[in-house]
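Engineer: What follows is the residue order along each chain.
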Amino acid sequence: MATVTYDKASRIYPGQDNPAVDSLDLTIEDGEFLVLVGPSGCGKSTSLRMLAGLEEVDQGSIRIGERDVTHMPPKDRDIAMVFQNYALYPHMSVSDNMGFALKIAGTPKDEIRRRVADAAKLLDLEEYLDRKPKALSGGQRQRVAMGRAIVREPQVFLMDEPLSNLDAKLRVSTRTQIASLQRRLGITTVYVTHDQIEAMTMGDRVAVLKDGLLQQVDTPLGLFDKPQNVFVAGFIGSPAMNIATFDLVDGNATLGESSVPVPPAVSAAVKEEGSDTVTLGFRPEALEPVSSESEGGIPIVVDVIEELGADAFVYGQPAGPTSELQSDRMRSETVIARVEPRNVPAKGAKVNFRVRPGNEHFFSVKTGARIEA
Amino acid sequence: MTATEAGPRDPGTDEPQRKPRVRQPGVGVGGKAIGLLNGGFLLLWGLITTLPLLWAILSSFKTNGEFRTDPTGLPGGIAWDNFARAWNAANIGQYFLNSVIVVAMSLTMTMLFGAMGAYVLARYDFPGNRIVYYVFVGGLMLPVFLALVPMFFVVRNMGNLPIVGQFLGLNSYLSLALVYVAFSMPFTVFFLTAFFRTLPNSVAEAGIMDGCSHFTLFFRIMLPMAKPGIISLALFNFLGHWNQYVLPLVIMQDGDKRVLAQGLGTLAANTGFRADYTALFAGLVIALMPVLIVYLLFQKQVQAGLTAGVLK
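Note that the protein sequences, when read in sequence, are chains V and D.
Here the first sequence is numbered in this note's numbering, starting from 1 and rising by one per residue.
Here the second sequence is numbered in this note's numbering, starting from 1001 and rising by one per residue.
Worth double-checking, as some hints may not be accurate.
[Stated by the list, open to error] Short derived list, chain V residues pointing at chain D, Cβ under 8 Å:
hint : residue
1    : Tyr13
2    : Gly15
3    : Ala52
4    : Lys75
5    : Asn85
6    : Ala101
7    : Ile104
8    : Pro108
9    : Gly222
10   : Phe224
11   : Met330
Derived by calculation from the structure, the hints in this document are not laboratory data.
Don't be surprised by glycine CBs; every beta carbon is placed ideally from N, CA and C.
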C-alpha cells in the first residue's frame, strides 16, 4: 500500500518543443482510485507510463510512498499494469501468463500456484487456466490481464484504458467489477481513460488533463458542480454543458434578448479584470421551459430530440431575432436542454428556455478560470 | 412490310450474338481459356520438375542391366543393393553424416545469431542501428563466387590462430558451418528484422513490467512470439545449407570431410568410368530424402519464408 506523488514531473519527447506532460503535480492517496481523463493527446497515457517506468521523466520526480522511483527500472517499482490491448503473452497458457512475473522473480512454485488460483477464483477464470489467450473471448482476456496484475500484489495498479476494446454492454459491467475489485483489494490505482463517464463512475477522484497540463483534480461530483475552468466544464458531463460568451450589462449577462442575472461578486470580478463580457455555462438539466412571454428566456428551434426513457434531451438552434449573434458566441453548434421525458416538444417547435437560478457557471473570458459567485 | 418485319427481327437475332461478344474478354470463354492456359502451364511445369525426379527414384531401384537395356522402363524388382553400394562403397554414408554435422551446427548458429541480431536491430534504438542494418542488407548483394578466393585464404589462415586454430582452418566442420552462417546471415537478419518489427510493443512492455531483463525478454517472450518467422527461415536456411556445393568444394578438400553434395559430384564423376549408374541414382535419392521430407512436412512455412521477403 502506498501513496503516489508526481512532483512537477515533465516529459518532453525528443524533437518536440512542447512537453507531453508539463510539470504535473499530483498526489494520490493510499488505496485511492484515481482516474486520469482527457481528450486524446492530452498526456494522460504518458503520465501513466512515466509512473510505470516505460517513459522517462525529464524534469521533476515521481515517488511511490517514500521511495523516489523517478529513475528506477519498472521491475523495481512494485507496480503492475493492465494494457489497453491486454498484451497477454500469446504462447503461454492463462496460468503461465498470470504467474510469469512471479516466476521471473523466483517465487517458489507452490506459492505461484496458490496465488494464481486465488486470482483465478476472484476473477472467475478457474476453468480457463490451461487455455491460450487466443482461445478466450475479449472479456476473458481482459480478466486475465487483470489477474496478471493482481497476482503480483503490487503497491500500485496502473490501468491504461483497459475497457476500450470491449463492447458497450460488457464495458459497463466490467466497469463496476473493476471498481468493486479495487475497493476490496484496497490497492492504490491509477486509471487512464478518455471516456468521462468511465472516469465519473469509477474514480474516487478524477484528474482532468489537457495539452499536458493538469486542469483540475476533484471528486466526480466536485468536477461536475464546480468546474475550475471552461475546459473542465465542457469536458465533464454528458450531454455537454452549454457555454457561450455573454455581455455584462447592468448586473445581467445578456446575449441578444436572453438575459441571466449575475451575482454581484461575479460582476465585480469581471470589472476587476477590465472586461465587459463573461463566459456563461449551464448544463442541459439546468434549463427549464417557460412561456414565450417571460423575460430573459432563450428561444430555441428544436432540431433533434433524444428520448432515452428516463431522460429526454432537446438539441436546438437559437431562434430569436438575434440568433446569428447567439450562434456565433456559442462554444458548440447546438443548445442542449433536458426536458420531461413524457412531455417532449415536437421537432421544429420553438421552445423558450430559462436557466434555473443558481445553476449558472461563470468563467473569465480572458483566462477561462471559474469566477465564484 | 418486309422491311418492317426484317427491322425488328434483325436486332432480335443480333442481340444474342452481340451479348456474348461484349462479355467474352471479361468473364465468358476468355476466363475459361486463361484458366485452361494456367492449368496447362502449371501441369507442364509440374511434369518438367517431377519427371526427372521420378525417373531418378525409379532408376535407383533397377539393376544396372535393366537400366542399360531400358532406361525409361519400370524396374523388375527392387534392387536395395544399389543403396548399400552407394552408402558403403561410394562413401555416401560418411558424406551424409558430414552434412548432418555441418548443417546442425550452421543452422543452430544462423538462427540464434540471426534472431538476436534482427531483434536488436528491430526493437532497440541506438546510434548506428540503420548503418548496421544496411550493412547486413548489403550482404545480400554480394555474389558467393566473388568471395570464394578471399574466403579460402581467410579460412586457411584461421587455422594458424592460437588455441582456437585447431578447430578452424580448412577441412573443419566448424569452419564450414561458420562460412554458411556468414552467407545466410544477411537474408536471415533482413527477414527477421521485418518480422520482429511486426510484434506488438505492448507485449514487450508487459514483459518489462513483469520484471524481465533484456535476455529474459528476448528468450522467454519475443523469441517464442516470433516462432512462425523463425521456423520459416530455419527451413529456408536448412534447404540452402543442405544443398550447398560451392562453399564446401573450396573448404572441404579432405576426402573424409566432404559433404553430401560433393560426394554426389565425385560419385557422378567416377560413374563415368565404372558405369554404376544405379548406385549414383541411389546416392541421389539418399541426398534428396531429407530435403523432400522437409518440403512435404513444412510446405506452408517454406512458402512463407520464400515469399515474405519479396512481398514486404
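Engineer: Any CB of chain D closer than 8 Å to the CB of proline 108 of chain V?
Structural biologist: With Cβ-Cβ at 16 Å, over 8 Å, it is violated.
Engineer: Holds or violated: the hint that asparagine 85 of chain V contacts chain D, with Cβ atoms closer than 8 Å.
Structural biologist: Result: holds, 6 Å to nearest chain D Cβ.
Engineer: Using the nearest Cβ pair, does glycine 15 of chain V come within less than 8 Å of chain D?
Structural biologist: violated (13 Å)
Engineer: Closer than 8 Å between Cβ atoms is the bar; does alanine 52 of chain V clear it against chain D? Give me holds or violated.
Structural biologist: Hint on alanine 52 of chain V: holds, closest Cβ of chain D at ~6 Å, below 8 Å.
Engineer: Could you check if tyrosine 13 of chain V really has its C-beta closer than 8 Å to a C-beta on chain D?
Structural biologist: Since chain D brings no Cβ nearer than about 13 Å to tyrosine 13 of chain V, farther than 8 Å, the hint is violated.
Engineer: Would the hint on lysine 75 of chain V stand, with a C-beta cut-off of 8 Å toward chain D?
Structural biologist: holds (4 Å)
Engineer: Can methionine 330 of chain V be said to touch chain D, with a Cβ gap under 8 Å?
Structural biologist: Since chain D brings no Cβ nearer than about 41 Å to methionine 330 of chain V, farther than 8 Å, the hint is violated.
Engineer: Using the nearest Cβ pair, does phenylalanine 224 of chain V come within less than 8 Å of chain D?
Structural biologist: Check failed: Cβ of phenylalanine 224 of chain V comes no nearer than 33 Å to chain D, outside 8 Å.
Engineer: Please verify that hint: isoleucine 104 of chain V, Cβ, nearest Cβ of chain D, below 8 Å or not.
Structural biologist: Holds - the Cβ of isoleucine 104 of chain V comes within 8 Å of chain D, reaching about 4 Å at its closest.
Engineer: For the hint on alanine 101 of chain V, does the least C-beta distance to chain D fall short of 8 Å?
Structural biologist: Since the shortest Cβ distance to chain D is 4 Å, the answer is holds.
Engineer: With 8 Å as the cut and Cβ atoms as the points, is glycine 222 of chain V at the interface with chain D?
Structural biologist: At 32 Å from the nearest chain D Cβ, glycine 222 of chain V fails the 8 Å test, so the hint is violated.
Checked against the numbered hints listed earlier, the structure breaks hints 1, 2, 8, 9, 10, 11; every other hint is satisfied.
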